[in-house]
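My request is simple: use the sequences and hints to build the entire structure.
One line per chain: the protein sequences are G, F, P and R, in this order.
Going left to right, the first sequence walks through residues 1 to 353 as UniProt numbering numbers them.
Going left to right, the second sequence walks through residues 1 to 353 as UniProt numbering numbers them.
Going left to right, the third sequence walks through residues 1 to 353 as UniProt numbering numbers them.
Going left to right, the fourth sequence walks through residues 1 to 353 as UniProt numbering numbers them.
Incorrect hints may have been included.
Copies of the same chain look alike in the list, so a pair counts if it fits in one copy or across any two.
As the list claims (entries may be wrong) - Using 25 Å as the maximum straight-line C-alpha spacing, the simulated SDA-like pairs for lysine to any residue come out as follows:
(1) Lys44 / Pro17
(2) Lys230 / Leu248
(3) Lys203 / Ser279
(4) Lys203 / Arg281
(5) Lys230 / Arg281
(6) Lys134 / Arg259
(7) Lys230 / Ala131
(8) Lys203 / Ile278
(9) Lys203 / Ser78
(10) Lys44 / Asp66
(11) Lys203 / Leu282
Read the hints as simulated data drawn from the structure, not as lab findings.
Protein chains: 4
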Amino acid sequence: MDAKLRIAVIGAGYWGPNLARNFRNSTDWDLVAICDIDQVRAQKLADSVGGVRAVSSLNDLLSSEDVDAVAIATPARSHHGITRAALNAGKHVMVEKPLADTGIRGRDMVRAAAERGLVLMTDHTYCYTPAVLKIRELIAEGALGEILFIDSVRINLGLIQPDVDVFWDLAPHDLSIVDFILPGGLRPLSVSANGADPLGSGKSCIGYLVLPLPNGAIAHVHVNWLSPTKIRQMIVGGTRRTLVWDDLNPQQRLSVYDRGVDLELQALDGAERKAATISYRLGDTWSPALPEREALGAMAVEFAESIREGRPPRTDGEAGLRVLSVLEAASVSLAANGAAVMMSVDRVPVGEF
Amino acid sequence: MDAKLRIAVIGAGYWGPNLARNFRNSTDWDLVAICDIDQVRAQKLADSVGGVRAVSSLNDLLSSEDVDAVAIATPARSHHGITRAALNAGKHVMVEKPLADTGIRGRDMVRAAAERGLVLMTDHTYCYTPAVLKIRELIAEGALGEILFIDSVRINLGLIQPDVDVFWDLAPHDLSIVDFILPGGLRPLSVSANGADPLGSGKSCIGYLVLPLPNGAIAHVHVNWLSPTKIRQMIVGGTRRTLVWDDLNPQQRLSVYDRGVDLELQALDGAERKAATISYRLGDTWSPALPEREALGAMAVEFAESIREGRPPRTDGEAGLRVLSVLEAASVSLAANGAAVMMSVDRVPVGEF
Amino acid sequence: MDAKLRIAVIGAGYWGPNLARNFRNSTDWDLVAICDIDQVRAQKLADSVGGVRAVSSLNDLLSSEDVDAVAIATPARSHHGITRAALNAGKHVMVEKPLADTGIRGRDMVRAAAERGLVLMTDHTYCYTPAVLKIRELIAEGALGEILFIDSVRINLGLIQPDVDVFWDLAPHDLSIVDFILPGGLRPLSVSANGADPLGSGKSCIGYLVLPLPNGAIAHVHVNWLSPTKIRQMIVGGTRRTLVWDDLNPQQRLSVYDRGVDLELQALDGAERKAATISYRLGDTWSPALPEREALGAMAVEFAESIREGRPPRTDGEAGLRVLSVLEAASVSLAANGAAVMMSVDRVPVGEF
Amino acid sequence: MDAKLRIAVIGAGYWGPNLARNFRNSTDWDLVAICDIDQVRAQKLADSVGGVRAVSSLNDLLSSEDVDAVAIATPARSHHGITRAALNAGKHVMVEKPLADTGIRGRDMVRAAAERGLVLMTDHTYCYTPAVLKIRELIAEGALGEILFIDSVRINLGLIQPDVDVFWDLAPHDLSIVDFILPGGLRPLSVSANGADPLGSGKSCIGYLVLPLPNGAIAHVHVNWLSPTKIRQMIVGGTRRTLVWDDLNPQQRLSVYDRGVDLELQALDGAERKAATISYRLGDTWSPALPEREALGAMAVEFAESIREGRPPRTDGEAGLRVLSVLEAASVSLAANGAAVMMSVDRVPVGEF
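Structural data, given as structure tokens:
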């Protein structure tokens, strides 16, 4: 086995402790330091994971020889600055979602990592759950056929965030998952967003996203902080089979239905005349067994392996950028009353810059 | 008790037999005739309900002295013509949804009935189910407070209709229900519709409707012919309580949650400065018992009573018109890539005519 | 195709109309008469199925040349007398469950039919539902392996019957199903029954049945008239897989779990010393698609085919007798405070006669 | 506030760490020592909770002045010896369930504590969950009326224990809960147990317990290690309402049904003649909100308060003894083929000693 890679966690707030604990328990990593602008908070987290170094100066941390990589769990607006500094110091970077607070900054981060040959990974944790890994695998091997539609619902009585609306709070989960399971990533033709703020909180508490995909397919996301019932459900419809992921049903999270509509278009004697034969399949349902594994552990492995193998991680900076672009376009559409914001081929909301 | 009213059913296709059977069993009505352009089909239905008159000529039917009212169950494009003829002959009219195939024709029907002092009722059957009647009652008595949002999902593996898309096939149910339970009826500020036809069937098989309501509230409808799982769920969120209607759970169709977010806006020393205090309620859940009653029977009673009392029925022509206006606007929005179609005060899609 | 067989339904009470309607619609049968001691009731049922003969005299009916078989839907105490008369008249017989009111009479009916070479079928309707047919098929082809246990729950707020307790009212369903799906039929080593009558109604309203099966397996039945929730669930555990039938979940009635415990007994160097290796399987779940078919229609087909092919029907008199024997033994056990009533090899409660 | 009480945890195996963590976090307790015959194991647990004393000698521990109470989490066969020693040293005792390995020893422990005026508490953890506390409260205030029946199901694919059968492994949960919620505790008239060991593991893997209660009521427990699906459900039926506790449904753990059967017994002109009028209630369902609280924390509070107030804790030694008596009787019944074992007034299986 290779020597362990050495990592520092930057940010000791809400998410940092989860990262620290998982890198601490990893056989791929040595956790060597915790960095937070608040030295006391850094020290407290450092103590709780068995006494690693606590640092309050980013410069000191990045000039250390014993740090191969950093995991950044600070507010989104600081991602760009910290990431650029870390890349300049030759460190590999994993950064919490969203990748950055603007697309321009996100693209700059991706470019900078590429130029230096360093790994830039986005912390799309959900993608490393056994359920999402299995969905990706099923789609990749063709079990669902061509993807026709994806409908994702993520609603519950949630905390109204002070700084972001429900799209930026919840939809990154759905978008990063859709990006992860679609073979070419999430590349919508346009983005339409409609929201509501019926309580007058100053931001959308209910949100709906429409994402037309190539070939007539569509993705839709419903996020909601005001629902009394909790629903975490994604339906992925394909030409061969359709999959339902109900994340709140631990006894049967994934169901694969051999049910659907077959539509056969026939060219009759002239090329112009077509007839459609519609038929319905009502076959068996199948629910694959899923291992019990913590997602963050699998993510730590992927980060280490991508560095060792000199390849992009499964949720690389590009993936983070695709999610970010959709969020940005959603904000534009929201301000424009739900009008569709067209996405250019490299996923920049057209006309935004 | 008053003498029974006398009714004829026009149209002996898919829905006519249900109407005929319910009027036949009603203590308010005498079913006197079945009318269908196809005399054989009319006769067959007439026989099956105990041998009433079978007629193939609409003129003959409408010139009969022994007919007080007609129930029309023919294709939508014929609703206007038949209704006008019936009203001209002095008959009260109940017409299957949608009220008409265009808003212009629908408005003409409503006007004609009003001028003649005759009842024009739209057959919004779902509104007469015990669950929907209870929801209307709960909202009317203030149990939910102000309505903040309505989210309706109606998806299953459905028959792809030859002539209409999924909006016109399924959404009339959701729209008529929302119209029925909202105290002032369904009066959205605008309508946005997005659809997808991933199989290339020539029409939307998946549809999403966004309906901003006054005071920042919102209604959303998801209809889908391609889902392997069947979902019939409506969430109605209010300032006091939130209600979930799961029509596929006969053991607990309605759940009223005393859960929600309270946001108190406070005017501080200056009128312009406001601070919001957010608090969360996590109270009990309550599921009202519902009687077992057939909706069509209750609808037959309402039709009779509205005639006797000289008042509009609960689902009158105006209600049918409101639903029809939204469907028309949805088609416009769909063609415009989901752009919001503004609704004028009298619910006509602005600029459409 | 063979000529149709001709049948009369005896008994025009609760169940008779269902039988009449299904034989009427069958392509295998001509329904020729309805017989009830109450001529008016017989006539009314006869009219409702299109005008067959109504008879009030059993003798007249059985002496008719145009009757090949009878279906008996009268109270249990009259089954023996009517069946004997019908067999004596050379008619094939289908009789509603339970086969008879006592085991002695039931055995006499089975013997009489066998001596005359006539078909005697018990109306175990549930066995002809698509779900139960599929369970039988899965067990027969070895998909579950050896059966280890069967746990059946049939509870809801039910009508307290005036004449029978909850065992005789509800358990025949469970017992006939277990008899149908087990390759050799239901042959328990003993029967223990415990009941409760907490309301003081004079009979058990809650009942539990324990049925030890050969090879250490066990079946258990819970029937209950006092439960506010309705449960219809049967778990069938086998050495290879375990099946759960939830009859109230139309979207997934049957689930086959490739989960279980494997216990390997190893004989070590001496024959006496054994070591057990326990391992756990946590494999996929599979839910077979089921056709939508009415059970009574399938039963009518089976009755006709068994007559034509001169073979016992799937739910023959012997099956009815096995169920009846368990019910009788349960009553004995109940009176003996739940003591196990041993069953002899031919399923007679030992010592009862 | 009173000074904190000082406690030591005895036993650092499976359950001890949970106890240690909760006493450590309690504002009522000072955790002062961990005692285990294996010094290394004791030290490891002591370290993990912040560095309390680790002891391998029971005598040393019990002679310490700074220990007010001990919590025992050792194998059942050692409960009696350790408890007696602790009581002799003047310490209050909490002991893991089951109270002891035999009823004789359990009774001796209860007597010894009473003689010394010390608290003896049984660790019936489940009783301190918000759901069970609420059930107890609802029954105590009469919301359910008289209890008619209790049906408890606790099944899943479970670990086959090397030393105990499924009754002793799982049923203590059900029995301690029933004991806790019934106003007078669990006092069955008799105990019948039936089990099965279809895999030949040498002990029952499937178990059914019948517990007739006074006044015609009944309790029943189904425990099972071989079920592929997990069910944790208890139905408590009363004369006024019925409650269903589904512990695997976090969104609605408790449902109180205002549904049931009312049976009015009427004495007619002679005292002997009675007539019953049966009626059915089909009222609303209500689901009380439950706080999120850890059961072990609430148990630590109860232990402290019972010591301070000089009163028996809610789950005292007597409660542990009642559960133990039923388990012992179940083993006797099991060996006797399910025959009912009568319980004497002080709950000793009659004739067992």
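For each hint, the structure was consulted:
In this homomeric assembly, Lys44 and Pro17 come within 25 Å of each other (Cα to Cα) both inside a single copy, at 10 Å, and across copies, at 23 Å. Taking the shortest alpha-carbon separations for Lys230 and Leu248, both the intra-copy value of 8 Å and the inter-copy value of 15 Å come in at or below 25 Å. Taking identical chains as interchangeable, the C-alpha atoms of Lys203 and Ser279 lie at most 25 Å apart only when they sit on different chains, with a minimum of 16 Å there against 45 Å within one chain. Taking the shortest Cα distances, Lys203 and Arg281 sit within 25 Å of each other only across copies (20 Å), while inside one copy they are farther apart (44 Å).
In this assembly of identical chains, the alpha carbons of Lys230 and Arg281 lie at most 25 Å apart only when taken from different copies (15 Å versus 31 Å within one copy). Taking the closest pair of Cα atoms, Lys134 and Arg259 come within 25 Å of each other both inside a single copy (19 Å) and across two copies (19 Å). When the C-alpha separation of Lys230 and Ala131 is checked against a cutoff of 25 Å, the pair qualifies both within a copy, at 18 Å, and between copies, at 20 Å. When the C-alpha separation of Lys203 and Ile278 is checked against a cutoff of 25 Å, the pair qualifies only between copies, where the shortest distance is 13 Å, while the shortest distance within a copy is 44 Å.
For a Cα distance limit of 25 Å, the shortest separation of Lys203 from Ser78 inside one copy, 22 Å, qualifies, whereas the shortest one across copies, 47 Å, does not. Taking the closest pair of Cα atoms, Lys44 and Asp66 come within 25 Å of each other only inside a single copy of the chain (21 Å); across copies the shortest separation is 31 Å, beyond that limit. Taking identical chains as interchangeable, the C-alpha atoms of Lys203 and Leu282 lie at most 25 Å apart only when they sit on different chains, with a minimum of 23 Å there against 43 Å within one chain.
In this structure, every one of the numbered hints holds.
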